[in-house]
Each structure stands twice: as C-alpha cells, then as structure tokens.
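Peer 1: Chains Y and V, in that order, are what the protein sequence lines are. At position 90 of the first sequence (counting the first as 1) the number is 140 in the numbering used here, and the numbers step up by one without a gap. At position 14 of the second sequence (counting the first as 1) the number is 91 in the numbering used here, and the numbers step up by one without a gap.
Just so you know, nobody snuck in bad clues.
Straight-line distance between alpha carbons at most 16 Å, and here's what the computed EDC-like set of lysine to aspartate or glutamate pairs gives:
{"id": "1", "chain 1": "V", "residue 1": "K100", "chain 2": "Y", "residue 2": "E154"}
{"id": "2", "chain 1": "V", "residue 1": "K254", "chain 2": "V", "residue 2": "E158"}
{"id": "3", "chain 1": "V", "residue 1": "K172", "chain 2": "Y", "residue 2": "E96"}
{"id": "4", "chain 1": "V", "residue 1": "K172", "chain 2": "Y", "residue 2": "E154"}
Hints are computed from structural coordinates only; laboratory data are not their basis.
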Amino acid sequence: MSPYQKKQLQKKRNNIVRKWHRRVGMTAMIFLINLAVTGILLNHYEALSLHKKYIQSDWLISWYGVQSVDEINCINASHNYFCQLDDKIYFKNGDSISSFTSEESDQLFNATGKDEINYMLTTNSLYLFNAKFQLIDQISRQSIDLSQGDIEGLTTEEFNLLAEPNEDQFKLLSDPQAIDSINQLHKRSQITHLKFVQDLHSGQLFFSGGTLVSDLMAIIIILLGISGIVSWQKRINRPDECCK
Amino acid sequence: MMKAIYTIFILLATLASTSVDAKTFLTEKELLSQAFPEAGKTSDSKHNKQTLWLDDALQSKIENILSHPYPKLRIKYWKNEKKTVWILEEIGKVKPITFGFVITDNQVELARVLTFRESRGYEIANQSFYQQFNQTKLIQDYQLSKQIDGISGATMSVSAMKKIAKLALMLHQEVMK
Chain Y
51 MSPYQKKQLQ
61 KKRNNIVRKW
71 HRRVGMTAMI
81 FLINLAVTGI
91 LLNHYEALSL
101 HKKYIQSDWL
111 ISWYGVQSVD
121 EINCINASHN
131 YFCQLDDKIY
141 FKNGDSISSF
151 TSEESDQLFN
161 ATGKDEINYM
171 LTTNSLYLFN
181 AKFQLIDQIS
191 RQSIDLSQGD
201 IEGLTTEEFN
211 LLAEPNEDQF
221 KLLSDPQAID
231 SINQLHKRSQ
241 ITHLKFVQDL
251 HSGQLFFSGG
261 TLVSDLMAII
271 IILLGISGIV
281 SWQKRINRPD
291 ECCK
Chain V
78 MMKAIYTIFI
88 LLATLASTSV
98 DAKTFLTEKE
108 LLSQAFPEAG
118 KTSDSKHNKQ
128 TLWLDDALQS
138 KIENILSHPY
148 PKLRIKYWKN
158 EKKTVWILEE
168 IGKVKPITFG
178 FVITDNQVEL
188 ARVLTFRESR
198 GYEIANQSFY
208 QQFNQTKLIQ
218 DYQLSKQIDG
228 ISGATMSVSA
238 MKKIAKLALM
248 LHQEVMK
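Could you put together the complete structure from these sequences and hints?
Peer 2: Set out below in structure tokens:
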C-alpha cells in the first residue's frame, strides 16, 4: 500500500469516527439535557417545594401503578365515616370528604362523636376533630391517664368503650360515589413531584429498563469523551489542519 | 466515572427513601421535670397545664413565623409564674419533629428535640446545638436575637427548630400579656 493510499484510508477511518461521534453525541445530548434540567430541579427542590406537591395527572399516576381499591372498610360514627387507606385517613361527612395524614404505622382503631367533637382513636393516639374535621389536638395514648377521670370530654367508660377491641365497627363503604372520591383523593396524594424528578433523573421512571438505558448512556458519554479527545489530539498533531 | 457517580446517586436516593423509626430523645415528663425541678414528680396540676386556642389573629401571627398555619386548633402548655413550657411540632423535610421549649422571662431557657421522625438531620439533637438557643429572645419581625449556626446535612431540621423557637417565644408573650 502506497503512502497516499495509507493516508486516504486513515482519513476515511477518521471520517467514520467523527461521523459516529457526532451521531452518538446528538443522541446523548437528549440524555444530558435531561440530566442537567432534573439535576438543577433536584438541587433546588426545597425552594421549589417539589417534596410537598403531588402529581395530579391520572396517566402518570397509573404509570406508577397506583391502583384504585374496590372496597374500603370504614367506621361509621355519628353519621360520619372514618376510612383508612395506607397512612391517610379519610372523613366522609355527607357528600364532603376530607383527609388527614396519620403517623407512620398508626392504624385507625375506633371513632365516636360527642358534643360536636369527633374522637378518633388509632393504635398510637387519640385525635380530636371539630365538626369540619379540623384537627383540634392529638394526645398520645401513652399519656392518657384513666385515673384522672375525664379524658378530653369523654368519660372513662366512653373512652374504655372506644378503646375496646371490636372488629365489627369496620363496615364496607357502600356508596360507590364516595369510594370513587376517596380513590381520587388518595391517588393524587401518592407521588410527589420530587419523586418524579428523581426517577426521571435516574431513569427509574422507566423501571429497570430505564436504569439500564441510563447506565448505557453513561458509558456512551464516557466513550464520547474519550473519542472526542482522541479526535482532537489527532487534528492538532496534523500540521496541515489548524484547530486552535 | 459517570456510572460510579450514578450508582452513588441511586444509593443516596434509596437511603433517603428508607423509612426510619421515630427516635425519642426526651419524653414530655422528662422535659417537665427539667423545666420544673422544684415540682418533683410530674403531675399536670402541679405544673398548671393550660390550653391556648388558636384563633384567626393568633394563626395569622403563627403563619408569619412558620409560613403556614399551625395544624392544630389548640396548643397545650404548662405555666408557672414567669415560665412556660411548650411542646410543638414542625415538619422538617416530610415528617413532623417534636420540640420542647422552656421559656422564662421572654428568653429560651431550654431547647430540646423530643421526637425525631426524619431519616436525616438528627444532628440537631445535640447538646452543642441546643446551647445556641439559650437566652435567645424574640426581636422585631419575629427574628431571634442570636445567630443560630446551621448544621451541614440538617438544614431543614435546623430551620424547623429555629421556627419553633420563634413560635414558642411569641406564644409565651401572648399568654403572659
């Protein structure tokens, strides 16, 4: 092979490398833009309150696999329904439904109403709500002293009745409209914007496939960096091409 | 390199999402016995347990401090001459942190974390950090009279404790009027 042929072959090889470097670079750019934008959002999530806002899109909620439930067990106390789904407790008063986030691992135990106060007993606490289901107070069950007599407006007998284990107080909610409303409220308080951005950043939004694609793109970016440096070095070493 | 950074990020994200059980550093009774050592064994009647109902005017002042209304309609507190004890909650990042504040003569006498439920930021439950709040007063615009140094990695917990210190001082002023 003559020196001219060698030079032509080398030039052809370089062109192929450059062409593929460009093509792969353009593809990786989409991934890099995603990384950069989501990275900025993650750096400032507190200021943007991403951890306090929830995804409202039904499509995204179903993408995450959040399912509606067909049956909801509730306690009926003084014409109010107390229903628990995960760590959320839902109150149904007529057509109005409101929610309350209980402490982790806290389970709804019983509920009753007296003198316009709704008492809700969970495994850990006694909660007091007004007629509009605004939280008046939360009293730890450990701090309740039955020897003191009156417990936040309940007599010792009334409190003992409330605290007595009785599986029968839970009944299936029969109103389909209420079940639907609770499901809607529940689903729209599951995925925070922060989780969505984290998953988009890591590729986990697309489950294990997304993570693998992210890994692959990360390797490609490393290769792009290397091929870019190699290509640049070759050009600056050539006296006929100036790339300063 | 990217993969290593990536793996670290995923590990951190996993750690951040791991649920950690609530840690109780001090109980209500222990706080009361520290606040009122002269009362001896804790009992509500000895410490004069009282209730403060949060009306709209008070909630508005609270909102100026916390940037949101207090989630309860009433607050229980203990009062003895010039001293009040407050057990208040504020969300750090996602979960509420329970704080105990003893206020005497419009100054913080004792600041403590009672229960910490977050997965990160527990460094605030440290004696050296608590001490920064001692003798702190409320100055104009609900600001603390002393600079409270932050803790790296516990920014939101520190912010929550500073807010609750301001709230306890403001509520003390309200009940002492």
